[in-house]
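Here is how the chains run, residue by residue.
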Amino acid sequence: MKYKIGIDVGGTFTDFLLAFPDGTSKIYKVLSTPDDPSIGLLNGLSEMGSDLGISLEQFLDQVETIVHGTTVTTNAVLTYNGAKTGLLTTAGLRDALEMRRGIREEQYNNRYTNVVPLVPRYLRQPVEERIDYQGDVVESLNPESVEEAVDLFEKEGVESVAICFMNSFANKEHEKRVADIVSKKMPDSYLSVSSNLLPSIRFYDRVSSTVLNSYVGPVLRRYLQSLVAKLKDNNFKGTLLIMQSNGGIVAPEVATDEAAVTLLSGPAAGPVAGVSYTSINGFDDCITVDMGGTSFDAALIKNKTPLVTTEGDINRLRLALPMLDIVTIGAGGGSIGWIDEGGLLRMGPQSAGSQPGPACYDRGGELPTCTDADLILGYLDADYFAGGRMKLNFERAKQAIKTHVADKLNYDVVEAAAGMYNVINVNMASGVREVSVKRGDDPRDFPLVLAGGAGPNHACMIAHELEIPVLIVPKESSIFCAAGMLMSDLKHDFVRTYSATLSQLKKDTFLNYFREMENEGKECLLSEGIPEKRIKNIYALEMRYVKQYHEVNVEVTQEEVYDFNLDEIARQFHRKHNLLYGYSLEEEGTPIELLNIRLTSIGDTEKPAFMEEVFDGEDPSKAFKRHREAYLPAEKKFAELPVFDGFGLKHGNRIAGPAIIEQVNTTTFVTSEYALLVDRYGSFMLFLKDREEEFARRIFK
Amino acid sequence: MSETKAEVIKGVKIDKILVSVLQRRFKSITQEMSHAITRTTRSPILCEAKDFVTGLYDGAGKMLEQTENLPILSFSLGPVCEYIVSYFGDEIYPGDVIIHNDVFSLGNQNNDVAIYKPIFVNDKLVAWAACKGHQADIGGAVAGGYNPDATEVWQEALRIPPVKIYEKGKMRRDVWDMIFANIRLDIVRADITAQIGSCTLAERRMMDLIEKYGLEVYETHKEYLYNSTEAMMKAEIKTIPNGVYEGESTVYYDGKNVGSTYQIRVKITVEDENITFDFSKTDAQTPAFVNGTFTSSASAVMLTFLQMVNPDIPHNDGMPRPVKMIIPEGTIINAAFPAATTFGNHLCPQIADAIIRALAPSIPERVTAGWNHLLCGNVTGIDPRKGTPYVDILFLGMKGGSGGTHGFDGYDHIGMIDASGGVLAQDYEMFELQDPHLLIRHEYLSDSAGAGQWRGGLGVETEFAIKGENIKCVIFGDGDVEPAFGLYGGREGSLNRIEMRYPDGKVHVPRSKELVPDVPKGTIWFQHAGGGGGYGEPFLRPAEKVLADVKNGVVSVENARKHYGVVIDEKTGAVDDKATAELRKKR
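Line by line, the protein sequences give chains U and S. Okay, so the first sequence: first residue is 1 according to the numbering used here, each after it adds one. Okay, so the second sequence: first residue is 702 according to the numbering used here, each after it adds one.
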């Protein structure tokens, strides 16, 4: 058992990072197989085996851990291709899911429509029952109403059921009984019960999260079952872990029951990886962007901590489970160029994906994509795509751009390709704006970490659009998230409700709750193969002033918990309330009320080490390959640019733009405004030339 | 940003990216204020429904940016800020906090109480943080503030012209106590404290921001921002054909004289880049509380017009510059001192209708059919579970549908145009936790939406049991006489209705403005919020869309046939194509 593998399944490519025991690693990338993503995944693993000269079975036998991020659930929601879902909910309240409390996010836009609900109204079926806010039964459960609804579900071919009743956070009994009926009558259905998934007050949050879970559950279950079986058939005996939206990882069985925790599974590793690459160069903050074949994800990180929210949305549907704050837009190498009704050039959000893929892949795709434009403009080498394993068809790219863009605009093919390149760069820059400017942060204050196969090709243009002075293209940029997965820890969140003012708290009860959660976390992590000494816990209390309805989450130390140091805890609450909301009521002496106590158990995984390189001097000429014609966007003309072999570049090497750096899975285009330096971990740092000195001094101190 | 503007202002080179950054930063500060108020207030009107607005203003009181959960409140904050600057003159100090609600010094409604905090950098007044929220009580004759029997402002509320409650960082305990001695509920004091907190938060953020970029850069870049926003607004107005357009609407029942009606009349003049809304021919003010104030009416005009232009225009001082309003004092929408005016915010739907009707012929694809008018209840009483008083506005029940527009159905369950979906229905579980009510039904109302090629938004049916004690309900609103109108062949939406079903079996149907005292415990509140008007000929609506509505139970089989000409076979649940084609041919 010696290998660790991070796997990120995207819409177009499946990325792998294979980490060897000596701290070195190797990148793999294969085409995704959207109909059954496990096929592409196995293809990649086979390739690793054959590179080592052994069979897939022999190889998997030696794999200790696979950490896997998947977009199967995300895509199911975005494309409305999830399971046909039925909702059982308290009679009289079946529209809460669709009403979303009556919000119209764009108040002044009368063409802004409500989001289509994941369960249509005729499948939102009323159940006669009622529990009040304290958990007392007001109307007992009428099982007949359940039977009727279930009959309808069966008739309609419902595959997945969500149960969410009024006030079930205070009393689970009715939900539990209905779940039993459903399991008996529809034994093959996937079932989500709101009081298990999210036992907290707020009906809309709960019904929406529960429905999301049911909608994607069967999709994830099918996928993971087939994957686990295939891995087992091929002799895999190690641990498979799944990336969660909160930036942590978990076992597949847990993920299957709570499928909604994987809704951001793919991109969630990006910010984690971003922190690793920037912090080693002394930056606490960064913006990470990941441009794959289909989508572009952006996230902003301050103080080395990706933002987590429990008030997140996916496609405007509330998801009240913890998730990283990431913005996704439809822009990638596969984004299709088209002319809209007004005669304007647009890029995406439709993507050619991996099947048929861009026209130049020569797999039957006829529509022009971003990758086709990159090829025409000379940023990609037809003979060196994927290290030469896939030959790109220049003529097909040209024809596609001519027919669908150039002729319609009355442009020549190069002008049209340059236009496509420009438009998609502006689109991606607006994605970066979304996470920075829109929240009031100046993007120029953040190093931009560029990732994804297609990202570095566009890096300088996106950065230049936003005047960002410094960029980092990590060594593993093309499989950034796969790398991030190997840097993630196991993470389990626990919560107990203990509602009392601080002065009423009983030390024993308080400590017992924490001990219970510590034990649960420990048990979970031990079963996932984490030794006890690598387990750590984060303790937090959710408190408020009496008569408020929202809590402040205050992180406390283990010592404060076990010393039962309520004075210090109160001080911290006052301080944080002031910090967040501009005041505290410490002087007034307003009592503080505890509502929830939370524990996050973290299993510190063994991460692949970064290997430091020796300083090689400024001269990059050892890595020089040749000259190639490529298009300079600012000058609007082709020029002979030097092409370097990215793998040949060593720590300290400097290249002034314009230049092209080729690696197997990615090409970095350095525009005239930027210069590139290789840092001591082999990543490329790019700086605006006129500010190079300032940054170089900082990094090469 | 416009490329034509000067690149240098007062010797400072304008950095256009920084202009966008500052604009978004101002916006995000107001959003952070909004979040803070939601998280810290106690009244469900604020922490659940978000019946408040936040904003930033420059040193002169001009709008920098706002977060407008309820736009009808929001275009009053700026004018009052300018008033405060002139009122206190050079007696404004760091650490001051000023409170205000007075409708005769540009406030919009007595219950909407504003907090203003000046922001200083290097001893110079550079900006203001402000917020305004609908308070659970504001004194006056009736708890909760809505008093349909009022004829003068003093019967409605405690008047608060601009008053310092903090000076130079020190609370003025005497003034503070005087104000809260006149307000029934303790939570108002806590909620005002929360509002002050949100302004302090904004003060910290603004000071950091100005320190980072420098005062000169801030001053010049905001001027550039105003100018470019003004240019955007002018470009939008220019797309409306020049001309004079007139429209009117009717206000039903003033709360005193049963059967009374009043006309709101607007004459809109579009002249290239400028637009004037002239309400000179509007009827005189009422003897009761159905009267608007200048700023509530001006807000109504602004929020209606903003829905007809590019929704991405930033909200700052440049935005309203090309918009002129003539709203004469003494009319129902700008009542003269000392009239009662608590109902004023709720004349917004009628003002909007008059403007939509006026502009529809010139920009038919940018207007909607009529929106459902607000009809609402305010409940006060004792919560026997806690033994404490409670107040809530029943946002849950009042959210009807918006009007359809060219290419788009109306929005279901959006509620009054005053808020346009910015104010939320209470979460059901929070509703039962905060109020002694048991919710029985809250669902889309079948056949409520006005039929149309693009139908109106659906209304909502609400039913709950009132389990509080000493309950008083105040009903306020309209839309129980005239429904939301259709446009271009679209049908009208359904009417509003409230019933109070008493435990003894009697049913009381209150008038649209009425104080109902002594509501017995166990009364069932029953309410229909009507649907929006339809847009375009309903026979042109694709049959499969009609079928989907029928399958989902929001349009009946009869109405599918009657209004849409779509025949649905009740046995198979499918569209009878042949019968549908024949029926539709007849039109």
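Keep in mind that the hints were calculated from the coordinates and are not lab data. Please note that a few of the clues may not be correct.
Simulated restraints on C-beta separations [said to hold, decoys possible]: (1) U/79 <-> S/871: 58 to 68 Å; (2) S/1039 <-> U/590: 36 to 46 Å; (3) S/947 <-> U/311: 57 to 67 Å; (4) U/310 <-> S/882: 39 to 49 Å; (5) U/587 <-> S/712: 42 to 52 Å; (6) U/415 <-> S/1275: 50 to 60 Å; (7) S/1062 <-> U/122: 54 to 64 Å; (8) U/113 <-> S/882: 41 to 51 Å; (9) U/128 <-> S/1241: 38 to 48 Å; (10) S/1062 <-> U/639: 28 to 38 Å; (11) U/128 <-> S/1263: 42 to 52 Å; (12) U/23 <-> S/712: 50 to 60 Å; (13) U/547 <-> S/1241: 47 to 57 Å; (14) S/1278 <-> U/79: 41 to 51 Å.
Ideal placement from N, C-alpha and C gives every residue a C-beta, glycine not left out.
Against the structure, the hints:
no., hint, verdict
1, U/79 <-> S/871: 58 to 68 Å, "holds (60 Å)"
2, S/1039 <-> U/590: 36 to 46 Å, "holds (38 Å)"
3, S/947 <-> U/311: 57 to 67 Å, "violated (46 Å)"
4, U/310 <-> S/882: 39 to 49 Å, "holds (41 Å)"
5, U/587 <-> S/712: 42 to 52 Å, "holds (47 Å)"
6, U/415 <-> S/1275: 50 to 60 Å, "holds (52 Å)"
7, S/1062 <-> U/122: 54 to 64 Å, "violated (40 Å)"
8, U/113 <-> S/882: 41 to 51 Å, "holds (49 Å)"
9, U/128 <-> S/1241: 38 to 48 Å, "holds (41 Å)"
10, S/1062 <-> U/639: 28 to 38 Å, "violated (57 Å)"
11, U/128 <-> S/1263: 42 to 52 Å, "violated (32 Å)"
12, U/23 <-> S/712: 50 to 60 Å, "holds (57 Å)"
13, U/547 <-> S/1241: 47 to 57 Å, "holds (54 Å)"
14, S/1278 <-> U/79: 41 to 51 Å, "violated (30 Å)"
Violated hints for the displayed structure, listed by number in ascending order: 3, 7, 10, 11 and 14.
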